[in-house]
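Q: So the chains spell out like this:
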Amino acid sequence: MSRTTRVMVQGITGTQGQFHTRAMLDYGTRLVAGVTPGKGGEHVHGVPVFNSVAAAVKKAKANASCIFVPARFAMDAVLEALESPAVKLICVITEHIPVHDAMRMVAVARAKGVRLVGPNCPGVAVPGTGKIGIMPETIFRQGSVGVVSRSGTLTYEIVNALSEAKIGQSTIVGIGGDPVNGTNFLDMLEFFQKDRRTESIVLVGEIGGNAEEAAAAYIKRRVRKPVVAYVAGRVAPPGKTMGHAGAIISGKSGTASSKIEALEAVGVKVADRPGAVPELLP
Amino acid sequence: MNLLEYRGKEIFARYGLRVPRGKVVTSADELDGAPFPAVLKVQIGTGGRGKAGGVKFAETIDEARALVPQLMALTIKGFKVRKVLVAEKLDIAQEVYVGIVLDRLNRCPVLLATAMGGVEVEDVPPNKMFKAALDPLVGLRPYHLRDMSVFLGFPKDIASQIEGIVETLWKIYRELDGTLIEVNPTAITPKGEVYCGDAKVVIDNDALYRHPEFAQEPEDIPPLEARAKAEGIAFVQLDGDIGVIANGAGLTMATLDMLARFGGKPAIFLDLGGTDDPEKVKACFRLMNEARPSKIFLNIFGGITKCDTVALGVTKVIEEENIKIPLVARIKGRNEAEAREILAAAGIEAETSFEKAAEKVVAIKGV
Numbered sequence: 263m264s265r266t267t268r269v270m271v272q273g274i275t276g277t278q279g280q281f282h283t284r285a286m287l288d289y290g291t292r293l294v295a296g297v298t299p300g301k302g303g304e305h306v307h308g309v310p311v312f313n314s315v316a317a318a319v320k321k322a323k324a325n326a327s328c329i330f331v332p333a334r335f336a337m338d339a340v341l342e343a344l345e346s347p348a349v350k351l352i353c354v355i356t357e358h359i360p361v362h363d364a365m366r367m368v369a370v371a372r373a374k375g376v377r378l379v380g381p382n383c384p385g386v387a388v389p390g391t392g393k394i395g396i397m398p399e400t401i402f403r404q405g406s407v408g409v410v411s412r413s414g415t416l417t418y419e420i421v422n423a424l425s426e427a428k429i430g431q432s433t434i435v436g437i438g439g440d441p442v443n444g445t446n447f448l449d450m451l452e453f454f455q456k457d458r459r460t461e462s463i464v465l466v467g468e469i470g471g472n473a474e475e476a477a478a479a480y481i482k483r484r485v486r487k488p489v490v491a492y493v494a495g496r497v498a499p500p501g502k503t504m505g506h507a508g509a510i511i512s513g514k515s516g517t518a519s520s521k522i523e524a525l526e527a528v529g530v531k532v533a534d535r536p537g538a539v540p541e542l543l544p
Numbered sequence: 413m414n415l416l417e418y419r420g421k422e423i424f425a426r427y428g429l430r431v432p433r434g435k436v437v438t439s440a441d442e443l444d445g446a447p448f449p450a451v452l453k454v455q456i457g458t459g460g461r462g463k464a465g466g467v468k469f470a471e472t473i474d475e476a477r478a479l480v481p482q483l484m485a486l487t488i489k490g491f492k493v494r495k496v497l498v499a500e501k502l503d504i505a506q507e508v509y510v511g512i513v514l515d516r517l518n519r520c521p522v523l524l525a526t527a528m529g530g531v532e533v534e535d536v537p538p539n540k541m542f543k544a545a546l547d548p549l550v551g552l553r554p555y556h557l558r559d560m561s562v563f564l565g566f567p568k569d570i571a572s573q574i575e576g577i578v579e580t581l582w583k584i585y586r587e588l589d590g591t592l593i594e595v596n597p598t599a600i601t602p603k604g605e606v607y608c609g610d611a612k613v614v615i616d617n618d619a620l621y622r623h624p625e626f627a628q629e630p631e632d633i634p635p636l637e638a639r640a641k642a643e644g645i646a647f648v649q650l651d652g653d654i655g656v657i658a659n660g661a662g663l664t665m666a667t668l669d670m671l672a673r674f675g676g677k678p679a680i681f682l683d684l685g686g687t688d689d690p691e692k693v694k695a696c697f698r699l700m701n702e703a704r705p706s707k708i709f710l711n712i713f714g715g716i717t718k719c720d721t722v723a724l725g726v727t728k729v730i731e732e733e734n735i736k737i738p739l740v741a742r743i744k745g746r747n748e749a750e751a752r753e754i755l756a757a758a759g760i761e762a763e764t765s766f767e768k769a770a771e772k773v774v775a776i777k778g779v
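These protein sequence lines map, in sequence, to chains A and B. Each residue of the first sequence is one higher than the last, beginning at 263 in this note's numbering. Each residue of the second sequence is one higher than the last, beginning at 413 in this note's numbering.
Heads up, some of the hints might be wrong.
[Stated by the list, open to error] Think about it this way: if two alpha-carbon atoms lie no more than 20 Å apart in a straight line, the pair counts; the simulated SDA-like pairs of lysine to any residue are: (1) A:LYS514 <-> B:PRO538; (2) A:LYS374 <-> A:ASN325; (3) A:LYS502 <-> B:PRO538; (4) A:LYS428 <-> A:SER462; (5) A:LYS374 <-> B:PRO635; (6) B:LYS492 <-> B:PRO635; (7) A:LYS502 <-> B:LEU549; (8) A:LYS374 <-> B:LEU549.
[Stated by the list, open to error] Computed Cβ-Cβ distance ranges for the label pairs, DEER-style: (9) A:GLY276 <-> B:ALA638: 56 to 64 Å; (10) A:ARG284 <-> B:GLU761: 33 to 41 Å; (11) B:GLU691 <-> A:LYS301: 45 to 53 Å; (12) B:SER765 <-> A:ARG284: 41 to 49 Å.
[Claimed, not checked] Now the stretches of chain B that chain A is said to cover, found in silico as 3 or more residues with beta-carbon under 8 Å: (13) 443-450; (14) 560-570; (15) 578-591; (16) 597-610; (17) 673-682; (18) 751-763.
Hints listed in this document are in silico derivations from the structure and should not be mistaken for laboratory results. From the three backbone atoms N, C-alpha and C, an ideal C-beta is built for every residue, glycine too.
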């Protein structure tokens with residue numbers, strides 16, 4: 263996301279779409295279009311609404327999309343966005359999208375080289391430049407820490423703690439709490455390692471899957487910038503879904519202790535509580 | 413949603429897979445028509461039932477009459493036995509495992525197969541496990557099946573039966589929005605017939621709207637969790653004494669961890685979600701009140717969520733439901749000052765520090 267990112271909101275006329283369109287505009291995001299089939303010609307907070315992605319891309323030169331479309335129709339909305347070669351970034355905010363739908367949309371996005379973030383995520387923010395999604399702008403501070411997280415409010419808690427400690431952020435990405443996500447820790451670690459505006463990295467994980475273990479292996483091979491982590495769910499019981507569809511310990515795999523061990527083994531400092539993250543950064 | 417074994421086998425049979433004949437009973441009176449000799453298996457929503465004494469053998473109906481009441485009286489890992497599957501006891505020459513599971517990291521389904529069936533799959537050494545990642549846009553292809561058969565090394569007749577089973581499992585996985593299907597054991601009889609000896613089928617909760625036949629399925633979970641699910645609230649019962657309500661799954665988990673850090677034991681995980689709707693807040697507190705923790709910890713970080721609106725809902729529901737459980741609140745973020753005033757007027761002191769509030773709730777005396 264940069265100054266040239268021109269965002270359209272798919273599902274702009276819904277309650278969430280309208281509310282967050284206002285917040286994105288207020289933060290300075292170049293939000294140029296909305297899409298709701300059948301509501302073309304209307305305006306939401308001054309933003310023109312189109313009937314299709316193709317029209318929004320053609321008339322308003324949109325090149326990124328933020329999806330608020332309800333779960334049942336979300337895959338269709340994402341596939342429609344993916345049909346437009348101009349669209350290079352898609353943030354899927356929608357929660358409760360079926361896993362099979364998520365797998366298909368992610369596979370198409372990857373085949374086309376489009377950056378898809380989410381589903382079930384708070385979006386992307388570049389403090390001082392703009393935000394796509396639902397993160398609260400009040401917690402941001404411009405700086406050089408890249409933040410990547412599987413959670414929403416826990417990210418806000420940690421970003422807020424950073425800002426209060428006068429540590430600013432370069433880019434904040436919520437990759438989402440679902441089992442299948444378009445952008446994962448490895449993608450973001452690769453991005454932050456290359457990104458000249460990022461000097462250190464904060465990784466916020468939680469129980470379920472082995473994304474943190476894979477991140478640890480990747481950090482060992484490829485990441486030279488300091489990484490601080492926090493992993494939620496140390497006392498979560500096995501076999502229970504803890505709020506996020508992806509947050510579940512299956513058998514022996516997906517525990518917080520396995521993740522913390524893997525991260526510490528490659529030199530990542532792991533905070534024992536969200537508020538300890540700022541102290542551990544260099 | 414985890415389907416019980418007998419439901420999984422019903423689906424298998426519907427798709428034409430060969431499953432052992434069987435009958436589901438709730439008492440010894442219902443055994444007529446069940447096949448013997450039989451294996452009797454409790455039907456519960458958790459694994460490890462064999463080790464817990466939930467699987468027995470009966471040569472005759474009389475033996476089964478004595479065993480069924482014993483099995484029905486069991487509670488395994490908190491799951492009360494409500495049904496027993498009485499299934500034809502197979503003569504098994506070899507056990508194979510086949511499964512389709514989700515590879516989260518690679519964002520695709522994976523076909524797994526091993527000739528070391530019957531055991532815990534996690535214990536199978538990697539070089540004994542066949543694995544094929546299935547591209548979601550391509551699916552299962554004949555070459556996957558050929559590779560699998562070469563790996564497993566069975567004679568042609570048995571290999572083609574296993575290939576047929578996997579093809580059907582893939583169809584079920586796709587059509588029913590499965591997130592996991594395992595057949596362990598896939599049983600080969602001395603005559604060379606291949607049966608699906610067990611059925612583990614997990615259906616994606618978020619796709620149930622496409623599968624109304626499961627949407628009404630009573631799931632084997634504790635009653636309060638079932639009600640929470642019906643109301644769309646993320647709620648998990650734990651074995652401590654502090655009820656935790658926070659907004660967002662990650663923050664709620666972090667709150668459990670913070671309590672544990674100060675020696676506290678969480679009783680309830682309740683994720684308020686990204687809402688400040690007073691009605692939702694009230695529904696959450698009503699549920700919490702019924703779960704009877706000895707104290708409650710409310711942890712709100714207001715980003716988009718407005719703290720004062722949450723506080724209004726909280727004070728209202730405490731008054732309406734006459735909730736007597738001591739409450740410690742931590743309120744931070746959007747409109748936190750207003751929220752603190754609202755809570756103070758109701759006699760609740762709110763902290764801003766996560767650590768301090770956690771320490772406080774651990775220290776106070778509960779009911």
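Q: Take the hints in turn and mark each one as holding or not.
A: Results of checking the hints against the structure:
no.: 1; hint: A:LYS514 <-> B:PRO538; in the structure: 16 Å, holds
no.: 2; hint: A:LYS374 <-> A:ASN325; in the structure: 14 Å, holds
no.: 3; hint: A:LYS502 <-> B:PRO538; in the structure: 27 Å, violated
no.: 4; hint: A:LYS428 <-> A:SER462; in the structure: 14 Å, holds
no.: 5; hint: A:LYS374 <-> B:PRO635; in the structure: 46 Å, violated
no.: 6; hint: B:LYS492 <-> B:PRO635; in the structure: 12 Å, holds
no.: 7; hint: A:LYS502 <-> B:LEU549; in the structure: 30 Å, violated
no.: 8; hint: A:LYS374 <-> B:LEU549; in the structure: 13 Å, holds
no.: 9; hint: A:GLY276 <-> B:ALA638: 56 to 64 Å; in the structure: 30 Å, violated
no.: 10; hint: A:ARG284 <-> B:GLU761: 33 to 41 Å; in the structure: 34 Å, holds
no.: 11; hint: B:GLU691 <-> A:LYS301: 45 to 53 Å; in the structure: 28 Å, violated
no.: 12; hint: B:SER765 <-> A:ARG284: 41 to 49 Å; in the structure: 32 Å, violated
no.: 13; hint: 443-450; in the structure: violated (count 0)
no.: 14; hint: 560-570; in the structure: violated (count 0)
no.: 15; hint: 578-591; in the structure: holds (count 3)
no.: 16; hint: 597-610; in the structure: violated (count 0)
no.: 17; hint: 673-682; in the structure: holds (count 3)
no.: 18; hint: 751-763; in the structure: violated (count 0)
In this structure, the hints that do not hold are numbers 3, 5, 7, 9, 11, 12, 13, 14, 16, 18, in rising order.
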